[in-house]
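The chain contents come next:
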Amino acid sequence: MPFKYFGKINYTPYTKVSKFADELQKGKLVGSKCKNCGEKNFPPRADCLKCLSGDFEFIKAKSTGTLVTFTVIHSAPTGFEDMTPYTLGLVDLDGGGRLLSWFENTKDKDIKIGMKVKVVPKIFEEIEEIKLYYALEKK
Amino acid sequence: MKVGVVGVGHGKFGRRSDATVQELAFEAFRAAMEDVKNLERKDIDSVIIGSSPEYHKQRSLPGVITEYIGMNDKPTWLTEAACASSSAALRSGYMAVKSGLHDVVLVLGVQKMTELNTAEIQSLMGRVGDVQWESIYGTTFPGYYALYANKHMDTYGTTGEQLARVAVKSHHYGAQNPYALFQKEITLERAMKSPMVADPLRVFDCCANADGAVALIITNDKLAKKYHDTPVWIDGLGSASAPISVLRRPDMTSIPSAVAAGKEAYKMAKVKPKDIQVADVHDCFTIAEILAYEDLGFAKKGQGGKFIDDKECYIGGKTPVNVDGGLKSKGHPVGATGASQTTEIVKQLRGDCGKRQVKGAEIGLTHNVGGIGQYCFVHVYKR
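Chains as they are written, first to last, in the numbering used here: chain B, 425 to 563; chain U, 446 to 828.
You may find that some hints are simply not true.
Said to hold, decoys possible - Straight-line alpha carbon distances no greater than 30 Å define the calculated DSBU-like cross-link-like pairs of lysine-lysine that follow:
no.: 1; chain 1: U; residue 1: Lys751; chain 2: B; residue 2: Lys536
no.: 2; chain 1: B; residue 1: Lys474; chain 2: U; residue 2: Lys708
no.: 3; chain 1: B; residue 1: Lys536; chain 2: U; residue 2: Lys746
no.: 4; chain 1: B; residue 1: Lys562; chain 2: B; residue 2: Lys484
no.: 5; chain 1: U; residue 1: Lys745; chain 2: U; residue 2: Lys719
no.: 6; chain 1: B; residue 1: Lys536; chain 2: U; residue 2: Lys638
no.: 7; chain 1: B; residue 1: Lys428; chain 2: U; residue 2: Lys502
no.: 8; chain 1: B; residue 1: Lys432; chain 2: U; residue 2: Lys502
no.: 9; chain 1: B; residue 1: Lys457; chain 2: B; residue 2: Lys443
no.: 10; chain 1: B; residue 1: Lys533; chain 2: U; residue 2: Lys638
no.: 11; chain 1: U; residue 1: Lys827; chain 2: B; residue 2: Lys533
no.: 12; chain 1: B; residue 1: Lys540; chain 2: U; residue 2: Lys827
no.: 13; chain 1: B; residue 1: Lys452; chain 2: B; residue 2: Lys440
no.: 14; chain 1: U; residue 1: Lys502; chain 2: B; residue 2: Lys531
no.: 15; chain 1: B; residue 1: Lys536; chain 2: U; residue 2: Lys745
no.: 16; chain 1: U; residue 1: Lys756; chain 2: U; residue 2: Lys827
no.: 17; chain 1: U; residue 1: Lys751; chain 2: B; residue 2: Lys533
I should point out that these hints are in silico values taken from the structure, not numbers from a laboratory.
Model the full structure from these sequences, guided by the hints.
Right under this line is the structure:
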């Protein structure tokens, strides 16, 4: 599964961590672990910030976390106009690492900084071409 | 050796459908040449352009501008640091003069944003964040600052009303600045009822995209008095970077590069935050100005909202901030903004600001943030 299928609009079709998309399609959220020093990262990265090694493996990431902050986008960029308003959340994952995504199946009044959230792998079903992403939901 | 600004030239900011990018640059260049004495083009050793190239149809701006202003065959190059591009250019110019490589440098910030439409600009600016993991969710530039705003509100009790008060102040001073795009006062009520862009940021919390150019002429202390009676010295420079990605920002209530750049600039200039008599800070959004009060040490951490409530950032307060109207009223032609801030501080320290003059100001500061804080440049100036 090429990485170009990750995201509603993908800007980076080629990456050393493209296997992330395969795992997401299988419903799994993965980060990376440096094979040399053991440093873990989410999102995954090919190159270790700590020891500079380029040798890494994918490891399962926790799909629950805490909402750090959020915003509701009313004025959208090209390609997202059909979705407004949408709520973006910044989430610290329980096992370390951080991600940004939008909320689905969650009432606006329930979205509060500090709330527990789950990260749910998704596929755009209404579009012919496959698009993979993960969404946030209230835990 | 000291390095000082001897000439400033501010072009007209706004939707400039009447001019090409090099024509905008010429306006600023002409004004700077009129601001200096005894200086001819042949005396300028290099032309450093500050701009964010993605907005322009014309590629490689330094070439086309240097040709159009008649400065061939002088060396020219571009510095890019998103919204802080011309403060980066000024830093490069400082290095060139300080090293003795060049005696006189033209620093020219220029941008023509409106070659793109608003949605394209939203998309382009949103991509100043990480495109691999963030832009795929439709992030926008106001959206990123809104993440900061909500976190600051939740942590310190900052309110939407306090954000709006920053906009009211900007428009108050913008109304007195002939170079401002919006020269009109606004009411608190109007600001707070304006449409939402990225919750909690409303239209009046956001600066406007614009076109425009600003030119600065800098030189060493041996030559400065020959070109201007009141050179304004660049006494402190600070610059730092921070992760482009909000996924790697530990604290969402502060811009770490601004804190580091501020400390470095204060140390080099041997001043403290309380010594700054007038400041121009990067208020691309109202929350950005509140963060700047705290990051630069004008207000204690978490007290930025109170700082605007108490009008400490007005003329007569502890530290007058953006008494030119800021990006909010002037408009924000990305690459020209840093040089515009420098122009205001130079004029303040010369005593040339008329109604909005901070009386007797001798020490000033500019704070120019690139992107969502991946770059920050702070300069301290003395008369």
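Verification of the hints:
1. U:Lys751 with B:Lys536: Holds, at about 24 Å.
2. B:Lys474 with U:Lys708: 26 Å, holds
3. B:Lys536 with U:Lys746: Judged against 30 Å, a Cα distance of about 23 Å means the pair holds.
4. B:Lys562 with B:Lys484: The given pair, whose Cα atoms are some 21 Å apart, holds under the 30 Å limit.
5. U:Lys745 with U:Lys719: Between U:Lys745 and U:Lys719 the Cα gap is close to 12 Å, so the pair holds against 30 Å.
6. B:Lys536 with U:Lys638: Answer holds: B:Lys536 to U:Lys638 is near 23 Å, not above 30 Å.
7. B:Lys428 with U:Lys502: 27 Å, holds
8. B:Lys432 with U:Lys502: 27 Å, holds
9. B:Lys457 with B:Lys443: Since the Cα atoms of B:Lys457 and B:Lys443 sit roughly 14 Å apart, the hinted pair holds (cutoff 30 Å).
10. B:Lys533 with U:Lys638: Holds. B:Lys533 to U:Lys638 sits at ~21 Å (cutoff 30 Å).
11. U:Lys827 with B:Lys533: Since the Cα atoms of U:Lys827 and B:Lys533 sit roughly 51 Å apart, the hinted pair is violated (cutoff 30 Å).
12. B:Lys540 with U:Lys827: 51 Å, violated
13. B:Lys452 with B:Lys440: The given pair, whose Cα atoms are some 18 Å apart, holds under the 30 Å limit.
14. U:Lys502 with B:Lys531: Between U:Lys502 and B:Lys531 the Cα gap is close to 43 Å, so the pair fails against 30 Å, i.e. violated.
15. B:Lys536 with U:Lys745: Holds, at roughly 26 Å.
16. U:Lys756 with U:Lys827: Since the Cα atoms of U:Lys756 and U:Lys827 sit roughly 25 Å apart, the hinted pair holds (cutoff 30 Å).
17. U:Lys751 with B:Lys533: This hinted pair holds, its Cα atoms lying about 28 Å apart.
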